[in-house]
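K.L.:
Now for the letters of each chain:
There are 2 protein chains.
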Amino acid sequence: MLQSPPAEPGMREEEVDTPALLLDLDALEANLDSMAALLAPTGVKLRAHAKTHKSPVIAHLQMARGAVGQCVQKVGEAEALAWGGVPDILVSNQVVGPAKLARLAALARIARIAVCADDAAQVGAIEAAAEAAGVRIPVLVEIDCGAGRCGVAPGPEAVALAERIAASRHLRFGGLQSYHGSAQHRRTPAEREAAIGHAVAVTRRTVEQLRQRGLGCEIVGGGGTGTFALEAASGVYTEIQAGSYAFMDADYARNAAPPPFRQSLFVLATVMSRALAGVAVVDAGHKAVAVDSGLPLVQDRPGLRYASASDEHGKLLVEAGEAPRLGEKLRLVPGHCDPTIDRYDWYVGVRQGRVECLWPIAARGAMA
Amino acid sequence: MLQSPPAEPGMREEEVDTPALLLDLDALEANLDSMAALLAPTGVKLRAHAKTHKSPVIAHLQMARGAVGQCVQKVGEAEALAWGGVPDILVSNQVVGPAKLARLAALARIARIAVCADDAAQVGAIEAAAEAAGVRIPVLVEIDCGAGRCGVAPGPEAVALAERIAASRHLRFGGLQSYHGSAQHRRTPAEREAAIGHAVAVTRRTVEQLRQRGLGCEIVGGGGTGTFALEAASGVYTEIQAGSYAFMDADYARNAAPPPFRQSLFVLATVMSRALAGVAVVDAGHKAVAVDSGLPLVQDRPGLRYASASDEHGKLLVEAGEAPRLGEKLRLVPGHCDPTIDRYDWYVGVRQGRVECLWPIAARGAMA
Numbered sequence: 001m002l003q004s005p006p007a008e009p010g011m012r013e014e015e016v017d018t019p020a021l022l023l024d025l026d027a028l029e030a031n032l033d034s035m036a037a038l039l040a041p042t043g044v045k046l047r048a049h050a051k052t053h054k055s056p057v058i059a060h061l062q063m064a065r066g067a068v069g070q071c072v073q074k075v076g077e078a079e080a081l082a083w084g085g086v087p088d089i090l091v092s093n094q095v096v097g098p099a100k101l102a103r104l105a106a107l108a109r110i111a112r113i114a115v116c117a118d119d120a121a122q123v124g125a126i127e128a129a130a131e132a133a134g135v136r137i138p139v140l141v142e143i144d145c146g147a148g149r150c151g152v153a154p155g156p157e158a159v160a161l162a163e164r165i166a167a168s169r170h171l172r173f174g175g176l177q178s179y180h181g182s183a184q185h186r187r188t189p190a191e192r193e194a195a196i197g198h199a200v201a202v203t204r205r206t207v208e209q210l211r212q213r214g215l216g217c218e219i220v221g222g223g224g225t226g227t228f229a230l231e232a233a234s235g236v237y238t239e240i241q242a243g244s245y246a247f248m249d250a251d252y253a254r255n256a257a258p259p260p261f262r263q264s265l266f267v268l269a270t271v272m273s274r275a276l277a278g279v280a281v282v283d284a285g286h287k288a289v290a291v292d293s294g295l296p297l298v299q300d301r302p303g304l305r306y307a308s309a310s311d312e313h314g315k316l317l318v319e320a321g322e323a324p325r326l327g328e329k330l331r332l333v334p335g336h337c338d339p340t341i342d343r344y345d346w347y348v349g350v351r352q353g354r355v356e357c358l359w360p361i362a363a364r365g366a367m368a
Numbered sequence: 001m002l003q004s005p006p007a008e009p010g011m012r013e014e015e016v017d018t019p020a021l022l023l024d025l026d027a028l029e030a031n032l033d034s035m036a037a038l039l040a041p042t043g044v045k046l047r048a049h050a051k052t053h054k055s056p057v058i059a060h061l062q063m064a065r066g067a068v069g070q071c072v073q074k075v076g077e078a079e080a081l082a083w084g085g086v087p088d089i090l091v092s093n094q095v096v097g098p099a100k101l102a103r104l105a106a107l108a109r110i111a112r113i114a115v116c117a118d119d120a121a122q123v124g125a126i127e128a129a130a131e132a133a134g135v136r137i138p139v140l141v142e143i144d145c146g147a148g149r150c151g152v153a154p155g156p157e158a159v160a161l162a163e164r165i166a167a168s169r170h171l172r173f174g175g176l177q178s179y180h181g182s183a184q185h186r187r188t189p190a191e192r193e194a195a196i197g198h199a200v201a202v203t204r205r206t207v208e209q210l211r212q213r214g215l216g217c218e219i220v221g222g223g224g225t226g227t228f229a230l231e232a233a234s235g236v237y238t239e240i241q242a243g244s245y246a247f248m249d250a251d252y253a254r255n256a257a258p259p260p261f262r263q264s265l266f267v268l269a270t271v272m273s274r275a276l277a278g279v280a281v282v283d284a285g286h287k288a289v290a291v292d293s294g295l296p297l298v299q300d301r302p303g304l305r306y307a308s309a310s311d312e313h314g315k316l317l318v319e320a321g322e323a324p325r326l327g328e329k330l331r332l333v334p335g336h337c338d339p340t341i342d343r344y345d346w347y348v349g350v351r352q353g354r355v356e357c358l359w360p361i362a363a364r365g366a367m368a
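Protein chains in written order, with the UniProt record's numbering: chain Z, 1 to 368; chain C, 1 to 368.
The following block holds chain Z by itself, in its conformation from the complex (with noise of 0.2 angstroms):
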């Protein structure tokens, strides 16, 4: 069941009912207008994440600002942002099974889809959904960069997937998928450098084999919120693939040299109980806000420490300062950003203290 909104327009912040997602609208187009700002005089294109977003109206506020259209890891966030308008998505992820790939060719009809693959088998059975629905699907080869999931070896690996995919007649060779998603949240500089460095060696050395073989890249992928000036200034790639840029979370605060960006997106919670000396029990457990990277932190108050997370519990720790009073709203900033919004059905858009607007997010749970 959707869950209904928890605020209207005209409300003020304190009234939002919680838990709840707020969007700092300020903090939200500052960050959209620095990314565009930044990329501008390097000539890369941002192909903003949706992954992190799920939501149609962000894409178009990036897409205003100079995105050329956005990425998605799942079928189900290519409909959603299909179905809102967005001409040009590109799945920058595996797609496998017939199901999934059928929906994704009937979306070619309404929409440029692009999808990547890292297996024969698997470019066979894109060609055939794209036969069967008429259309002609951009595949990216993706290489494995250096993290050690998915993508072919860079190379000859890459360049003979792309051969296949060049030479149907239902699909057309797209370009590399070149994405290194550990290095976003290494901690200093240097060892964001040397991931990206090898990443960029790599995806050099593959697009000029594949040039060699007179295959050219229409789209060189990668980078994210943590490393995109590194790839936008390295002459290889063509489009930077940040999402949580938007919004900022705790897990990226934590780099040495954090990216440039503002703390946009909240979890409302409310002080649920103060019957423990010394603690304050928030509504917003770890069902409202991912702890897969750690705790979230409490905004604007440093005396108080997020200390544990129950499925439906928050306990805080008052080391310093005035306790909350029993029934106090608190901004949360979440320890991951991604699997944050992915728990909610609305975003509650503020903006010095007043509700805006209310955005659905209509992929969330898309994980299909």
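Because the hints were derived from the structure by calculation, they are not lab data.
Any given hint might turn out to be false.
[Unchecked claim] Which chain Z residues face chain C? A few, computed with CB under 10 angstroms, are given here:
1) Leu2
2) Gln3
3) Asp119
4) Gly151
5) Gly155
6) Ala309
7) Leu326
8) Gly327
9) Arg343
10) Ala366
[What the hints assert, rightly or not] Over 12 angstroms on every C-beta distance to chain C, these chain Z residues come out as not near it, computed from the model:
11) Glu29
12) Ser182
13) Ala194
14) Asn255
15) Pro339
[To be verified] Not everything, but these chain Z residues come out facing chain C in the computed CB check (under 10 angstroms):
16) Lys51
17) Asp311
18) Lys315
Beta carbons are placed, not taken as given, at the ideal position from N, Cα and C, and that holds for glycine.
Based on the hints, put chain C in the right spot on chain Z.
P.N.:
What follows is chain C alone, placed relative to chain Z:
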């Protein structure tokens, strides 16, 4: 947006789209029967916790086997159950804020709704909501029996709060809520016995002191899947609030002398990449299976280890035996059942390899 069901009745399990939340109906029914059989000789009733299953369908299966009603943690969960015909619901938690209390009081017109309190100001707020709605609401005093989270101190503080409730024309003193959450996962029986021994002692003392003031406890509630046999044997508790017993998970399986129930809940995942030697990547990361209590296990495939979860990917290491095929579907045992269920809109009920039913997870995301 509500997600489409990933299957249809009659399909073979291999045809179910992934990620999907599978419920093995034989195992589920065996678990429901076992709990009923285990509690019957004690005379203690089951008030199963719907924070786990979030489904009126499963609530009715539990009540058909003797459960007196259901527990919930949130008003939204109470609404989903009451709207689904569950007649007797205890919010085993504090409810703070006038909007939530108004919804709670409104529900008292169509079901028996009780709630907990651990603060006199909260009691006043519940009283105001009950008066405004023209209903009389039973309120239980939550005591801190060892978990150190919510709840007043056992003994005189609890008695004073009970007297405040009993003095109200719009409320009724409903008894004691005395749940020791963290004891459920203490690994050895001796640790669990020590924790619940303490909980039983302070609860018994409080019940006695209430009796001396003429206050009887209609409900003395507590006990989860890890410890319920101890509370049921105590002679003090009247209701058991287990929820996970219906499903089980990898964390409960790590208890020494684990609870006597079968694993009925699985996340069905598809192998989406086999590009890296010794690795199989599945399409279920931590958005699809909760990792707050540890990573999932791979059912029936001891040589495969789910080694790391990112947002949309699970990385499996092939440590022994045959590697799974690209496209192969695997059953994952969630690390933690409650938050995993809360990620999905549908249970896919399977029996002996066939889809038998689809049940909506009506309180999915009901955090408020």
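K.L.:
For the hint on Z:Gln3, just tell me whether its beta-carbon gets within less than 10 angstroms of chain C.
P.N.:
holds, 5 angstroms
K.L.:
Return the status of the interface hint for Z:Lys315: holds when the least beta-carbon distance to chain C is below 10 angstroms, violated otherwise.
P.N.:
Status holds, d = 6 angstroms.
K.L.:
Does Z:Asp311 pass the interface hint, meaning its C-beta sits closer than 10 angstroms to a C-beta of chain C?
P.N.:
This interface hint holds because 5 angstroms falls under the 10 angstroms limit.
K.L.:
With 10 angstroms as the cut and Cβ atoms as the points, is Z:Asp119 at the interface with chain C?
P.N.:
holds, 6 angstroms
K.L.:
With 12 angstroms as the threshold, tell me whether Z:Asn255 passes as away from chain C on beta-carbon distances.
P.N.:
holds, 17 angstroms
K.L.:
Per the stated criterion, does the least C-beta distance between Z:Glu29 and chain C lie above 12 angstroms, as a non-interface residue requires?
P.N.:
holds, 25 angstroms
K.L.:
A closest beta-carbon separation below 10 angstroms is what the hint needs, so does Z:Arg343 meet it against chain C?
P.N.:
holds, 7 angstroms
K.L.:
Confirm or reject: Z:Pro339 is not an interface residue toward chain C, with every Cβ-Cβ distance exceeding 12 angstroms.
P.N.:
violated, 5 angstroms
K.L.:
Would the hint on Z:Lys51 be counted as holding, given a Cβ-Cβ threshold of 10 angstroms to chain C?
P.N.:
holds, 6 angstroms
K.L.:
Hint Z:Ala366 vs chain C: min CB-CB distance below 10 angstroms?
P.N.:
Where the cut-off is 10 angstroms and the nearest Cβ of chain C is about 6 angstroms from Z:Ala366, the hint holds.
K.L.:
Hint check: is the beta carbon of Z:Gly151 less than 10 angstroms from a beta carbon of chain C?
P.N.:
holds, 6 angstroms
K.L.:
Is the Cβ of Z:Ser182 more than 12 angstroms away from each Cβ in chain C?
P.N.:
violated, 8 angstroms
When each numbered hint is compared with the structure, violations occur for hints 5, 12, 15.
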